[in-house]
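Trainee: Okay, here's what each chain looks like letter by letter:
2 protein chains.
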Amino acid sequence: MPLWGAIEAGGTKFLCAVGSGPRDLRAETTFPTTSPAETIGRCLSFFSEQQQKVGRLAAIGIASFGPVDPDTASPGWGYITTTPKKGWAQTDFASAVGRALGVPVGFDTDVNGAALGEHRWGAAQGLSTFVYLTVGTGIGGGGLVNGELMHGLIHPEMGHILVPHDRKSDPYGGWCPYHGDCWEGLAAGPAFEERWGQRGETLPPDHPAWALEAHYLALGLVNIICALSPQRIIMGGGMMQQQQLFPLLRRKVQTLLNGYLQAPAILRDIDNYIVPPALGRRAGVLGALALAQIAAQ
Amino acid sequence: MPLWGAIEAGGTKFLCAVGSGPRDLRAETTFPTTSPAETIGRCLSFFSEQQQKVGRLAAIGIASFGPVDPDTASPGWGYITTTPKKGWAQTDFASAVGRALGVPVGFDTDVNGAALGEHRWGAAQGLSTFVYLTVGTGIGGGGLVNGELMHGLIHPEMGHILVPHDRKSDPYGGWCPYHGDCWEGLAAGPAFEERWGQRGETLPPDHPAWALEAHYLALGLVNIICALSPQRIIMGGGMMQQQQLFPLLRRKVQTLLNGYLQAPAILRDIDNYIVPPALGRRAGVLGALALAQIAAQ
Chain A
68 MPLWGAIEAG GTKFLCAVGS GPRDLRAETT FPTTSPAETI GRCLSFFSEQ QQKVGRLAAI
128 GIASFGPVDP DTASPGWGYI TTTPKKGWAQ TDFASAVGRA LGVPVGFDTD VNGAALGEHR
188 WGAAQGLSTF VYLTVGTGIG GGGLVNGELM HGLIHPEMGH ILVPHDRKSD PYGGWCPYHG
248 DCWEGLAAGP AFEERWGQRG ETLPPDHPAW ALEAHYLALG LVNIICALSP QRIIMGGGMM
308 QQQQLFPLLR RKVQTLLNGY LQAPAILRDI DNYIVPPALG RRAGVLGALA LAQIAAQ
Chain B
68 MPLWGAIEAG GTKFLCAVGS GPRDLRAETT FPTTSPAETI GRCLSFFSEQ QQKVGRLAAI
128 GIASFGPVDP DTASPGWGYI TTTPKKGWAQ TDFASAVGRA LGVPVGFDTD VNGAALGEHR
188 WGAAQGLSTF VYLTVGTGIG GGGLVNGELM HGLIHPEMGH ILVPHDRKSD PYGGWCPYHG
248 DCWEGLAAGP AFEERWGQRG ETLPPDHPAW ALEAHYLALG LVNIICALSP QRIIMGGGMM
308 QQQQLFPLLR RKVQTLLNGY LQAPAILRDI DNYIVPPALG RRAGVLGALA LAQIAAQ
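Just so you know, the sequences run in chain order A and B.
Throughout, the numbering used here is defined as the position within the first sequence, counted from one, plus 67.
Throughout, the numbering used here is defined as the position within the second sequence, counted from one, plus 67.
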């Protein structure tokens, strides 16, 4: 049974693991994201030690914060590219890991990784076209279309779509440094905290904040549904831990679409159309494991 | 050399043709869209006559107004489904053509057909992920992702994405019967005519109407770019005959994205990123021909 390495590379922390599959993660470590040299160095140390114990890994998968270059035909493949995160712009990540450890490396965005994990073992099994969204300190989206991970020109940047914003009923201007009141500028965690002066965890589930949050999330979902026609939308991330959001935003999506899309999945079975990740908080690391499996093929 | 049949099925008129490729359309006929029985009947008569002259066609492709069911695994494959167009809801189209003429039939949306035509012979050659949009009496969008036509749950309905609308500077409420001021409610032909009291052809190219039109078109393009990361966007349809729109909306897209997507195609080469169809008004019928070629494979 081959063993794979997995790196869930987040802007705040990294998680590294080794295992043969979702029910067999044999080693795991997590550490804060500091400088690229130190953070990638800790990844290399972890996997070097593991390889001394268990032998050569079949491949390592990296599901990374971005933007990244996931194009295997590009000279910049495997780089974290234009991130505003200090010190990380233009960081050679995947090639550095492959060179140091002598193994094939799979590399993609965190959300594409999570989508792949959900496709193999979670809420997207058997689907060919679906979207995975994370709503936390930002909004990120990825997924599969026609059975393959979404890339295109770079990769989707779903957090930056532009949605209606009624400044009379909600004068909050949005926090996105590039676009102000784009989707993540209005609906990600920082917007919630600035608008209400506190984190979601401290507000009761029937506070009006949640209806407004569901409204903005639903506006973005409608745009993704109309642009991509996904067979399912999986929504993870810190904000979506607030379970009361799901029924609110499902209803808002139906109201906004107003019966235009005559799909039973949306009209009658929306509880199974907009869902949390079946892998929960493990979607990221298991997605990285799935990226490793693809890299070794 | 095999001969193919092509049906460009529009809500206003149909165009049927026979040929071996884009430079060899040997017969062509066009007629208004009336009832399904009459209109499809005229298609059948045309192709029957053609088959008596040239022998059996290798396949017929249909690029149709919608919504349609393009899923070959579905019992409703080949139907025009929930269209508000009188008499056409739940019309068996593709199977009826195939049964009557004894040939394989390829069937998809008009915009997916046009996208396929542009991929084979036009502005999308060599690309794996791109979008084809038509802006006319409505807005429709299709395309290829990872080298295959976009379907998913149904097929994209890009005209109905929701975009910011400042009612103070533009009080026009939109005409979409389902969503009011969705993208096509604000930016398709009927919106232009209701807002300005006349058709675009009668306004000079420097009229402020064009800047506002470019603004709304750009809002939708930004959303499509962020959701899908296309390698190129091809824009056809009656509205895009107004060539002055292209430079205006390219600049608006750059302004709205505000440098967030560090892709040379957008930052420096946007003239080749947002383009008219290379096949011009032939994109539809040639797309249907390309659908025929796929159906015969």
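Bear in mind the hints are in silico, worked out from the structure with no lab data behind them.
There may be inaccurate statements among the hints.
Any copy will do: because identical chains look the same in the list, a pair fits if it lies in one copy or spans two.
To be verified - When the alpha-carbon atoms are kept at most 35 angstroms apart in a straight line, the in silico DSBU-like pairs for lysine-lysine are as follows:
id	residue 1	residue 2
1	319	153
2	120	319
3	235	80
4	120	235
5	152	319
6	235	319
It should be emphasised that the depicted structure is a prediction, and the values quoted were computed from it without experimental measurement.
Trainee: Taking 35 angstroms as the upper bound on the Cα-Cα distance, should residue 235 and residue 319 be classified as within, between, both, or neither?
Mentor: Answer is both; intra-copy 20 angstroms and inter-copy 25 angstroms each pass.
Trainee: At 35 angstroms max between alpha carbons, let me know whether residue 120 reaches residue 235 within a copy, between copies, both or neither.
Mentor: neither (62 angstroms within a copy, 67 angstroms between copies)
Trainee: If the cut is 35 angstroms between Cα atoms, do residue 235 and residue 80 qualify within a copy, between copies, both or neither?
Mentor: neither (38 angstroms within a copy, 44 angstroms between copies)
Trainee: Go through the copies and call it for residue 152 and residue 319: within, between, both or neither, with a Cα cutoff of 35 angstroms.
Mentor: both (34 angstroms within a copy, 27 angstroms between copies)
Trainee: Within a copy, between copies, both or neither: which one fits residue 120 and residue 319 at a CA-CA cutoff of 35 angstroms?
Mentor: Neither. Shortest intra-copy (52 angstroms) and inter-copy (56 angstroms) distances fail the 35 angstroms Cα cut-off.
Trainee: Is it within a copy, between copies, both, or neither that the alpha carbon of residue 319 lies no farther than 35 angstroms from that of residue 153?
Mentor: between (38 angstroms within a copy, 29 angstroms between copies)
Comparing the model with each earlier hint shows violations of hints 2, 3, 4; every other hint is respected.
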